[in-house]
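Quick mapping for you: the protein sequence lines, in order, are chains A and L. Going by my numbering, the residue at position 297 of the first sequence is 297; the numbering climbs one at a time, nothing skipped. Going by my numbering, the residue at position 73 of the second sequence is 73; the numbering climbs one at a time, nothing skipped.
Where hints are given, some of them may not hold.
List time: in silico DSS-like cross-link candidates among lysine-lysine, alpha-carbon distance up to 30 Å [stated by the list, open to error]:
no.	chain 1	residue 1	chain 2	residue 2
1	A	253	L	422
2	A	253	L	418
3	A	253	L	395
4	L	399	A	279
5	A	253	L	385
6	A	39	L	134
7	L	134	A	279
8	L	218	A	39
9	L	330	A	10
10	L	418	A	279
11	A	253	L	399
These aren't lab readings, by the way, just hints derived from the structure by calculation.
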Amino acid sequence: MKQIDLSHLKDLALGSVFLATGGGGDPHVPLLITQQAIKTYGPVSLIAPRDLKDDAFVVPIGNVGAPTVSLELLPSVDEAARTIDAFEAHVGRKVDAVASFEIGGGNSLIPIVAAAGKGIPVVDGDGMGRALPEAQMMSYAIAGVRPTPALAMDYAGNIATFETDTTEVYERHIRSFAMAAGGMITTAEHAMTGAELKRSVIPETLSFSIQLGRTLRENRGQAEELIGPLQDVFAPSIYGQCRLVFQGKVIDKATRIVGGYDVGEATIERFDGASTPLKISIKNEYLLAVLGERVIASVPDLIVIVDYETGTPINAERLRYGHRVAVFAIGCPDFYRTPEALKVVAPRCFGFDLDYVPLEDL
Amino acid sequence: MRIGIDVGGTHTDAVILNGDKVIAATKALTSADVISGVTAALDEILKQSAVSQSAIKTVMIGTTQFTNAIIERRELSRAAIIRIGLPSGRGMPPMVDWPQDMIEAVDAEIYMLHGGYLYNGWPIAEIREDEVNKTVADIAAKGIKNIAIASAFSPMNSAPETLLAEKILTAIPDAKITLSHNFGRLGLMERENAAIMNTTLLPFADKVVSSFLGALEKRGLNCPAFISQNDGTLMSADFVRAYPALTFASGPTNSLRGAYKLTGLEDAIVVDIGGTTSDIGVIQNGFPRESNVVVNIGGIRTNFRMPDILAIGLGGGSLVSEDGKTIGPKSVGHKLVTQGLVFGGKTLTTTDILVAGGHAEIGSKESVAHLDPNAVAQAKATMHKMLNDNIEMMKPGGKDMPVILVGGGAVLVTDGLKAASKLHRPENADVANAIGAAIAQVGGETERMLSYREIPRGEAIASVTKAATQRAIKAGADPETIRAVDIEETAVPYMDEGATRVRVKVIGDLAQ
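Please build the complete structure, drawing on both the sequences and the hints.
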């Protein structure tokens, strides 16, 4: 079993920003609270899904709410562990390991805070392999894991428990509670056995994100020099293909808030101004890349925009006119290419009038 | 007539403006004690212009002294920090992400108390009187006089901060207190950081202001003195004794405002090329475009409103690779005069390229005669490309815009810039900062919580604007020139319907 200590956290945060494909928000506060947790409680064991016993009891944990609220309503170092304590009392069973909702963004880190406080392992894997905007897009939900019994805790230790049939209804209820509790809560949900986890988790994404972050840090520099090392880490992983699909300058970017999502488009022109510009469609995340009529990559495959000079991933909110960027397309884990997964994450689920074609076939 | 002085880390600039006209200007090295450099610059411009002291109506000073004190970790006083926000943020104390040397320099006592508010106005927790009393007693016992107080969501409800301040002043009448809500915006840790930096600078601020005022008095300048803030407006020198942190980044602001004054261009890109970096900023309607990202000062995150500056590693002392393809970010800085090739040194710098290309006569031309002409041409191309690419990045929405070149390194631009619709090299560009300080205006800001249901929106905004205007007049603004530059309305949820927080900022010229 591997360990996660202080030295891994910055790489994990950087890797998870890359895998957030433009979404996920600023990981600064989640990174700080995770550093505090490991300083307080010590390093955390990382357990591979295959090493879990089939009858082990695993619960995913993370934050739900408005990230901007935690700029004032700061998280607490013991909040995640106390959420697990309360969850155990609620269901009458000890939790053997915690898991992550999504590797893209700050929720890649919160299970580590819980694991540190509880002294239990964190599962090397997550429920998305990237960032996606809705809970029913989580692999756990797609694989049929029930969202409840679930428990949410606020900053003061107040608790709400949930019993719902579907993840959609659960998501609605948990969001109302988050608002009522000051805008940010910690939730334990989609609890499952080791056997269920093995068929629903996107495996090895935590250790992969650390490796990815390290690669980005050690190979900081222009995209052409970065692509080799990136392919070296992606090729043997659950993602596979990693392509450098475009380099150029952002010549237009327009987004607006629609139904709580940041929706819009960015246009990137080649540095020499030649040929057709690349268009990227945005809904919190980068979802679709099109060159003229030709689709270059689409959700659920990953589209990542980085600063051309340094390889630092650029968040969709921060992307702006004049940015010199490189665009990478990365194959998604096989789980998201199954018919069950495509029912909720295919391009049409985001309002694009096209069928999903895997990156390798484009 | 007025005097503008800019005290930078390396140079002290001073100008006398008669209306819009620069009638005297000087650029001198900043002295170790700062004040003798200021006095020397004053003597020089008074001599140049032969103006009598009594003709000078105001003196405006821009200074990086407080920024530099933070960056260099000096002149910082011991502080007590009170955070009001428990039970949120347990195990996330103030200064948790500060660099170790800065934590040691401030040597703070930290207190975390229950209280504060949520985004919707509900209390996080009730204030606990026993906690408050214990904290105040402990600070008094330890003899700490400089205190910072930060409470969760204090920009929306500052009552907990004010309450604590009152209690402290009762027990410690000579305490100097900084309240975080005076530093605006949301982001508890960033606002708290600003308050801590401010509080730890208070004794130094007292010293600096007194010595500035002393220098002016010694030279017979008995007119009012002002110091410029990061938003380009002025504070009375005495106000700085309580808010030194408000001077952070006034340097870039003054440079941008000075470039605007020198050209009269209300919308333009300003490129300030120094020895180590080129700082690219944007002026919109005559004022700096503000950054919307977190600003780092001395390794500490803050939420100050700062001009949006893109600094790239290209200046007169930047190192050039042998093939001319790589320039900077390393620079010999002020050691250019000993380390550059044309000065007999061993380091190839951009200044050497300039001389080798025949664009300038600095030092000895022979010492660069051996350079490969192709590499020289390549280096020039690299410099221009760096500037063009980065200017493009700063252009708002890709609009065609003129570029104003200021700073000592502006000579590096030999071939024009294709990113510029027009290139301006104004006279006196080397003292743009001092000119920016001299033309700084007076601001006034008022914030009120109002109900649009009780008062119609138009009337409500007008009443807040009127209050802000009165503040600006009181601070010395000419009523004829006052205009609103920023109106911010924030709906307050879960309160009386229509409840809105209205903040208005006005500015005007200093009354003559």
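Each hint tested on the structure:
no. : hint            : verdict
1   : A:253 <-> L:422 : holds, 25 Å
2   : A:253 <-> L:418 : holds, 23 Å
3   : A:253 <-> L:395 : holds, 13 Å
4   : L:399 <-> A:279 : holds, 20 Å
5   : A:253 <-> L:385 : holds, 23 Å
6   : A:39 <-> L:134  : holds, 28 Å
7   : L:134 <-> A:279 : violated, 60 Å
8   : L:218 <-> A:39  : violated, 55 Å
9   : L:330 <-> A:10  : holds, 26 Å
10  : L:418 <-> A:279 : holds, 26 Å
11  : A:253 <-> L:399 : holds, 14 Å
The structure does not agree with the numbered hints 7 and 8 stated previously, though it agrees with the rest.
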